[in-house]
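Enquirer: Using the sequences provided together with the hints, build the complete structure.
The opening residue of the sequence shown carries number 729 in my numbering; numbering runs sequentially from there.
Just so you know, these hints were derived from the structure itself, not from any lab.
The structure displayed is predicted, hence computed values, not measured ones.
Here a beta-carbon is modelled for each residue, glycine too, at the ideal position from N, C-alpha and C.
Among these hints, one or two may not hold up.
Derived DEER-like restraints, expressed as beta-carbon distance ranges [as the list claims (entries may be wrong)]:
hint: 1; residue 1: N802; residue 2: A780; range: 30 to 38 angstroms
hint: 2; residue 1: D872; residue 2: E1055; range: 44 to 52 angstroms
hint: 3; residue 1: M1091; residue 2: E856; range: 26 to 34 angstroms
hint: 4; residue 1: N1005; residue 2: M1091; range: 25 to 33 angstroms
hint: 5; residue 1: F1074; residue 2: N1157; range: 38 to 46 angstroms
hint: 6; residue 1: N1075; residue 2: E1055; range: 17 to 25 angstroms
hint: 7; residue 1: N1014; residue 2: G843; range: 31 to 39 angstroms
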Amino acid sequence: MNTTPFPFNKYSFLAIFLLSFSLIQCKSDKEKPDLSRSGLLTQYEPIERDFADIKANGVLRMITYYSSNTYFLNQGIEVGFEYELLREFARENDLGLEVIILGENENPFDLLNQGVGDVIAANYTITEDRRKVANFTRPYNIVDQLVVYSVDLPNRPETLEELSGSGIPISVRRNSSYYNRLLDLIEEGYDLEIDLLPESMDTEAALVQIANGNLRATIADDNMFHAANRYMDGLFEGPVIAESDTIAWAIRTNTPDLESRMNRYLYKHFRFVAEDNRPRRSTFLNILRRRYFEQSRQMAEYYNPEWQYQSMGIISPYDDVVRPVAEEVGVDWLLVTAVIAQESSFNPDAKSWAGAVGLMQIMPQFVDTPYEELYDVVTNIQVGTQILKDHLDHYAYMDSTNQIAFALATYNVGMGHMADARRLAIDRNRNPNEWENVAEALLMLMQHRYYQNARFGFARGIEPVRYVEEVMNRYRTYEAVLALAEQQQRSGLTNLVGPQFNRRP
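Expert: Next comes the structure, spelled out in structure tokens:
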């Protein structure tokens, strides 16, 4: 049902990612907002955590928004321009990558300085205000800022001069580079009206509201506008208000080693050439640009309502199967989904070199189910979920974090190697009920002097250690995505299935 306050057919779009903005109203009858410069973006001093600490922990934590140009789920798989660019840096440095999705009213710079995350990768323009609380890497993109109008706005101004004095409210967040640029223009003598949006509404959310006709004008980076405009009706390109802004990652001010390593990495993919001062991009970066800012299957699926309705749940294509099975067995369905993503990338026909088959990569010789039936989606999920539940029950005396880690490791490497690792931890006077100790022992079982005395011999310990890390990271991410959906439900939004809208005829 169309619930927009205008008498024309508009979008119902991106409910899973867009935070509470359904009650936004025209502010013409309200007092004008305070249009002072943004205050300090965070009150927290940065914790001490440079690259050596990140490396010791094995995980780089990325703070970002859930949106088409940063990070999102495509058929249950984690994708996004910022995600793929940063994941390659993590891979080159032998690090896992954990995604911290910003929720409603969460300040990315607070999370950065508190140590919740290590880098803000969110298509951020370098600004003086942001430099006061964070350092920025060398840039990896260059963009123009432009005005975006609703197509339903009559007599759309084509130049800044025409926009000046028009009375058209330009809707932006206070803590955005767009807001500060508009203030600069006002100080230069342009008569512009600024309408302040909630901090929870990112640029993509504002574009959706423009397309819906709920807002008249906003500001967006040109690459974001052109990507959205390929798939959304209702947007109209206005004048450029800033040229050649640089986009970079934000990091804490006391992380020189991390900054240096990131700069070396980014230099390989983006740099300006002295002869003409034009940017040169690597093949890898050009591929990402085409994938996320030009036409591609992933972006078409992200914006396509019919595909989303027919093929997707909130998290994966198999939500409707996993939920009831996991509920009946007594396992969190998001954990099961994270295991499926890791095991088969949601491919029901997957078969490993070792003979494991189906979504949850079941070894036929260890179950009573006939081989052919293991390729059935429901059967495979039922069998795999029960195996996972048995492992969870085996470690039920542990706290929940260790219980899940041990169960996942056992699912991956088997009970025998896990028993060897726990015995080795005991031999080293370490607590065998702490995952950190057993993970270390699993790595040691790759060395001859340790596995020669192990009952089950050599173990590729790096595999279960990474398996646990990656599944747990994905599990937490799925929890955050689901929380966003539930948040929208509490706010009264409907159709929480993901990207969806009604196109104009």
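Enquirer: For each hint given before, does the structure comply? Return the numbers of the non-compliant ones in rising order.
Expert: 3, 4
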